[in-house]
Every structure is written in structure tokens, then in C-alpha cells.
Amino acid sequence: GIQVEQSPPDLILQEGANSTLRCNFSDSVNNLQWFHQNPWGQLINLFYIPSGTKQNGRLSATTVATERYSLLYISSSQTTDSGVYFCAVVSGGGNKLTFGTGTQLKVEL
Amino acid sequence: EPEVTQTPSHQVTQMGQEVILRCVPISNHLYFYWYRQILGQKVEFLVSFYNNEISEKSEIFDDQFSVERPDGSNFTLKIRSTKLEDSAMYFCASRSRSSYNSPLHFGNGTRLTVT
Numbered sequence: 001g002i003q004v005e006q007s008p009p010d011l012i013l014q015e016g017a018n019s020t021l022r023c024n025f026s027d028s029v030n031n032l033q034w035f036h037q038n039p040w041g042q043l044i045n046l047f048y049i050p051s052g053t054k055q056n057g058r059l060s061a062t063t064v065a066t067e068r069y070s071l072l073y074i075s076s077s078q079t080t081d082s083g084v085y086f087c088a089v090v091s092g093g094g095n096k097l098t099f100g101t102g103t104q105l106k107v108e109l
Numbered sequence: 001e002p003e004v005t006q007t008p009s010h011q012v013t014q015m016g017q018e019v020i021l022r023c024v025p026i027s028n029h030l031y032f033y034w035y036r037q038i039l040g041q042k043v044e045f046l047v048s049f050y051n052n053e054i055s056e057k058s059e060i061f062d063d064q065f066s067v068e069r070p071d072g073s074n075f076t077l078k079i080r081s082t083k084l085e086d087s088a089m090y091f092c093a094s095r096s097r098s099s100y101n102s103p104l105h106f107g108n109g110t111r112l113t114v115t
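Quick mapping for you: the protein sequence lines, in order, are chains C and Y. All residue numbers for the first sequence refer to the numbering used here, where the first residue is 1 and numbers rise by one. All residue numbers for the second sequence refer to the numbering used here, where the first residue is 1 and numbers rise by one.
Since the hints were made in silico from the structure, they are not lab data. Mixed in with the good hints there might be a few duds.
In silico DSSO-like cross-links for lysine-lysine, where the CA-CA straight-line distance does not exceed 27 angstroms [to be verified]:
| no. | chain 1 | residue 1 | chain 2 | residue 2 |
| --- | --- | --- | --- | --- |
| 1 | C | Lys54 | Y | Lys42 |
| 2 | Y | Lys78 | Y | Lys42 |
| 3 | C | Lys106 | Y | Lys42 |
| 4 | Y | Lys57 | Y | Lys42 |
| 5 | Y | Lys57 | Y | Lys83 |
| 6 | C | Lys54 | C | Lys106 |
Just so we're clear, the structure is a prediction, and the values are computed from it rather than from any experiment.
With these hints in hand, go ahead and build the complete structure from the sequences.
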């Protein structure tokens, strides 16, 4: 099956800093989503972005499907951004999401 | 905005007991899913369900697991005889159509603890 690797695995930021999270996948994809898992375990949908660039407030995402990666940008980070960020993809003829390994982000004051 | 609703939010059960986790997908959605996440690990696919039957399942989804859509709104996951290693967060998700250009919407999860 498709492999989805995220980097870095862990990241510590000072409040106000910017960061870029990366998601690499091993095969062509038809669907890609970014999620934020908050400290209560809830999966918050950030972006549905199989290709192109989208922005939502301080967050933006870019997927370059032909090169098999996606990036999530967080600007002016806040402590509430802490948690785990997952990318997840649908590949081939399937309809299930395969999740990546996640990036654990901690934003400190 | 419509949401996927899961109940209960927490469930504690003894090893060997049966549990049923409940989900109400978004009303006009056609595809339904269960995922699980063992503490500290990534989210894993269990099963997908369409047109009242399982469309795909993972190796994790063995004979101890079953899913059902008993009426027009609920979607349930049953674990027949729970084991300690079934302790995890279980997420339900739904999607509006089969075409690739539609996102999955996830519920808030049920945290299952098997003692």
C-alpha cells in the first residue's frame, strides 16, 4: 500500500514563529487532507487539498501531486496550535484515507 | 455545518465484554468508515461501508469486529469480546460520494478503555 511519511516528527516553536510541515507519499493520490489532532484527541479537518494551494487564516497548504508531497505552513504560531498534525491520502482506485506518521508540534510562550 | 456524531465519548469495559460504538454520519453521506488510533500512534483504517455492505476492511478488522447500519441514520461498530489491545480511540467518518474529490468528515471519537 501507499506509504505516507511526515517530517519533522517533533517540533518545538516559540509563540509567534513560523513553521513548515511536510508530507511525502509514495504513489499518486486522488485526495489529500490535513488534520490537527488537539490535546483532547479530536481530529480537526484543516484542508482538503489534492492539488494546488489553499489558505485559511494563519494556515496555508500546498500540494504538488506530480512530485508527491504536500506542505502545511503555520504562521505566527500560537499555543493553541499545539498538537499532532496528520496528512492523509487516498490513492489508486480506493476510497479510504491512509494517514501519515504525524508531526507533534508544541508551541511555547 | 453538519457534523458526524459519536457516542459515547468514553467507554470503559472489562476484557471479554461486548461493546457497541455508535455513530451518526452526516445525513446525505453515502460512505461510512471506522478508524482507530492506539495511544501515541497513527490513525489506522478499520473498515469502509457502502450500500449496506462492507466495501473494504483492513487486517485489523477480524471476526471480533462487525459493523451495521441498523436504520437510516446510525452506523455502529461492535467488538464481540474485547481484549486489552482494543483500547484505543475509535473514529467514525463519512463521505458524501464515491468520487475522489470529496473529503472525509470525522467525528470526535470514542475513547475505549478495556480493563
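Hint-by-hint comparison with the structure:
1. Simply put, C/Lys54 and Y/Lys42 have alpha-carbon atoms about 25 angstroms apart, close enough for the 27 angstroms limit, and the pair holds.
2. Under the criterion of a C-alpha separation no larger than 27 angstroms, the hint pairing Y/Lys78 with Y/Lys42 is consistent with the structure, at around 22 angstroms.
3. Between the alpha carbons of C/Lys106 and Y/Lys42 the distance comes to roughly 18 angstroms, so the proposed pair stays at or under 27 angstroms and holds.
4. About 17 angstroms separates the Cα atoms of Y/Lys57 and Y/Lys42, which keeps this hinted pair within 27 angstroms; it holds.
5. Restraint check: the Cα-Cα separation between Y/Lys57 and Y/Lys83 comes to about 20 angstroms, which is no more than 27 angstroms; the hinted pair holds.
6. For the given pair, C/Lys54 sits about 23 angstroms from C/Lys106 by alpha-carbon distance, which is consistent with the 27 angstroms threshold.
Violated hints are absent here; each numbered hint is respected by the structure.
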